[in-house]
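Enquirer: Position chain B relative to chain A; hints supplied.
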Amino acid sequence: MDLVSSLVMGLQVAVTPVNLLYCLMGVTLGTAIGVLPGVGPIITISLLLPLTFGLTPEASIIMLAGIFYGAAYGGSTTSILVNLPGEASSAVTCIDGHQMARQGRAGAALAVAALGSFFAGTVGTLIIALAGPPLAAIAMRFGAAEYAALVFVALLSTAAMTRGGVVKGVGVALLGMAFGTVGSDVSTGLFRFTFGIPELRDGVEFAVLAVGLFAVAEIIGNIGEPQGEAVSSRNIGRLWPTRDDFRRAWPAVLRGTGLGALLGVLPGAGLAMSSFSAYMVEKSASREPERFGLGAVEGVAAPESANNAASQTAFIPTLLLGVPGSPTMALMLGAFMIHGVQPGPRMMGDHPQLFWGLVVSMWVGNLLLVVLNLPLIGLWVRLLRVPYHWLYVFVLAFACVGVFTLSSSHFDIYSLVFFGLFGYLLKAAGCNPALFILGFILGPMFEENFRRAMTLSRGDPMVFLERPISLTLVLIGIAVLLATTTSFVRRGRAEATD
Amino acid sequence: MTIHSDLLAALIFLAFGVVAITIGYGYGFGSLGALGSGAMPMLVGAGLCITGVAQLLQTAAARRTGQQFVSAFPTRELRPLLLILVALLAFGLLIDRLGLLPALAALVGISWFADTGGRKREMLAVLVCVVALIVAIFQFGLGIPFRLVTWRF
Chain A
2 MDLVSSLVMG
12 LQVAVTPVNL
22 LYCLMGVTLG
32 TAIGVLPGVG
42 PIITISLLLP
52 LTFGLTPEAS
62 IIMLAGIFYG
72 AAYGGSTTSI
82 LVNLPGEASS
92 AVTCIDGHQM
102 ARQGRAGAAL
112 AVAALGSFFA
122 GTVGTLIIAL
132 AGPPLAAIAM
142 RFGAAEYAAL
152 VFVALLSTAA
162 MTRGGVVKGV
172 GVALLGMAFG
182 TVGSDVSTGL
192 FRFTFGIPEL
202 RDGVEFAVLA
212 VGLFAVAEII
222 GNIGEPQGEA
232 VSSRNIGRLW
242 PTRDDFRRAW
252 PAVLRGTGLG
262 ALLGVLPGAG
272 LAMSSFSAYM
282 VEKSASREPE
292 RFGLGAVEGV
302 AAPESANNAA
312 SQTAFIPTLL
322 LGVPGSPTMA
332 LMLGAFMIHG
342 VQPGPRMMGD
352 HPQLFWGLVV
362 SMWVGNLLLV
372 VLNLPLIGLW
382 VRLLRVPYHW
392 LYVFVLAFAC
402 VGVFTLSSSH
412 FDIYSLVFFG
422 LFGYLLKAAG
432 CNPALFILGF
442 ILGPMFEENF
452 RRAMTLSRGD
462 PMVFLERPIS
472 LTLVLIGIAV
482 LLATTTSFVR
492 RGRAEATD
Chain B
52 MTIHSDLLAA
62 LIFLAFGVVA
72 ITIGYGYGFG
82 SLGALGSGAM
92 PMLVGAGLCI
102 TGVAQLLQTA
112 AARRTGQQFV
122 SAFPTRELRP
132 LLLILVALLA
142 FGLLIDRLGL
152 LPALAALVGI
162 SWFADTGGRK
172 REMLAVLVCV
182 VALIVAIFQF
192 GLGIPFRLVT
202 WRF
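For the protein sequence lines, the chains are A and B, in the order given. Residues in the first sequence are numbered from 2 upward in steps of one, following this note's numbering. Residues in the second sequence are numbered from 52 upward in steps of one, following this note's numbering.
Next comes chain A alone, as it looks inside the complex (with noise of 0.2 Å):
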């Protein structure tokens, strides 16, 4: 099948009034997620995995998508209005863009946010678009050794970037993987650490995993947080950008869009990795560097289109090898094994609806923020003010429920008090609990193909050195590990997760 065949096969699946509806509130939910303080993404996307059981697949993975780059995009506009990031990839915009809007130009910041991320939106998905087929065929050729391999890279690099050291990611990500080894053993049938246990005869649920260690442990830490200051809304200004600012916004679009189209493909870079990067190349290759910091457009427009463009090509190893390169992709991959869906290189194959359903979703959705985001400020402006006494309240109440109807047993209620004092106990050891949940998402599948790999080389470890592409990844892992040690990475995490 060809592309433009397959989008049009995508647009139909997307635009299917009740996937637009769907759409759309996964864009509103994720934009007022991403402008709330103290709720971000990983927290809406665990909370909603229990209720999408009961939406077809296209759906629920339309609106988790939707959620994820909308709250992207939702963080943005607090950050230029209020400096104040709604999440850690929009902290760079605060510097320029919350200028622009002191100097009463906050519509033109938003504007130029806002443009640049549809543009850097629309190259992202015709990036997976394209990319998918030739990528897919690649990984169809890759074998247990290679996917262990594989894994193994992804796990380490994601670890290695973390903040809060190498020794406390890979530990971290090694207790994931230990939980994902509960329930019955896919070679053996036996029951590993079940303790006599019924409920856990089919391994951890997935979804009380996610709300105990997000939304209950967050919600326990952020408590004890002094609370900022209620803040009002200002004078936004003319909305449409000078042709000044479009003369000097676009080659920063341009550039940071290529740049987090390329920083969302790696394992562990991520939106804030991308968004700091594409700042500082901005600042490095402009003949004034002197106007950054003082309401430059380009510091808006280069994080704005940075972070959109790795937001959606993260996606691509998720999709087409079906190994998340982030924590909330990990997510993602949990919402499709909920509905049985496993991404990979067949993923294209076997569900072509819902591959190029997404695809196109994204760029319809990214549409949508566009027309939504810019009218509606106003009103998310003031979502900053709702107190987090009403918000927490009603997070708790919603995780329990949401838990709670997924298999009607209070058994799920109380993993989900042992999760949350789990994820706190994480929280309060310095590590972070999204590198559990991809050792607990990626454990199992390294376990299956290790396993494999070992039986097909009749025991010999030689067999990941030999193959060329598993020598590869192996090498990859162990150079991430090693530049994470060199000062250019170092720093730029350390500042872009501050």
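Source of the hints: derived by calculation from the structure; they are not laboratory data.
Dumping the calculated SDA-like pairs for lysine to any residue here, alpha-carbon to alpha-carbon at most 20 Å: (1) A:428 <-> A:223; (2) A:428 <-> B:120; (3) B:171 <-> A:387; (4) A:428 <-> B:126; (5) A:284 <-> A:294; (6) B:171 <-> B:134; (7) A:428 <-> A:222; (8) A:428 <-> A:418; (9) B:171 <-> B:153; (10) A:428 <-> B:134; (11) A:428 <-> B:56; (12) A:428 <-> B:130; (13) A:428 <-> B:54; (14) A:428 <-> B:66; (15) A:284 <-> A:246.
Nothing here was measured: the structure is a model prediction, and the numbers come from that model.
Expert: Chain B alone, transformed into the frame defined by chain A:
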């Protein structure tokens, strides 16, 4: 000795590592050509023990340089931790026995006090909003039937 975050991480890794190895041993490692059910738990457990020890060594090195550590459990976080976990437990205990309304009331009523500074009158308003939203979303939106009030002990 204060339990600071690095030490806590090391303890968590070591504890789970030891459990994974000891229980995993019982499942059988198998041979290299035919790895058994216990192979993965034991390998992961070994990895956890190694990272745990590495973390301990790092901490010890940092301690020698005279670095000051803060406790991983600030006292201001104990109140939300306890109250929120108790609120969830109460929900789990009540949802089957008394129905959705009492369970939500208990959840909201307990978790409201996790943060200081909430007014009691406001709590009732939140409870009404939460119940209305939950019923609207789950019962009418998703068609999941709930017993609002019931009596089953």
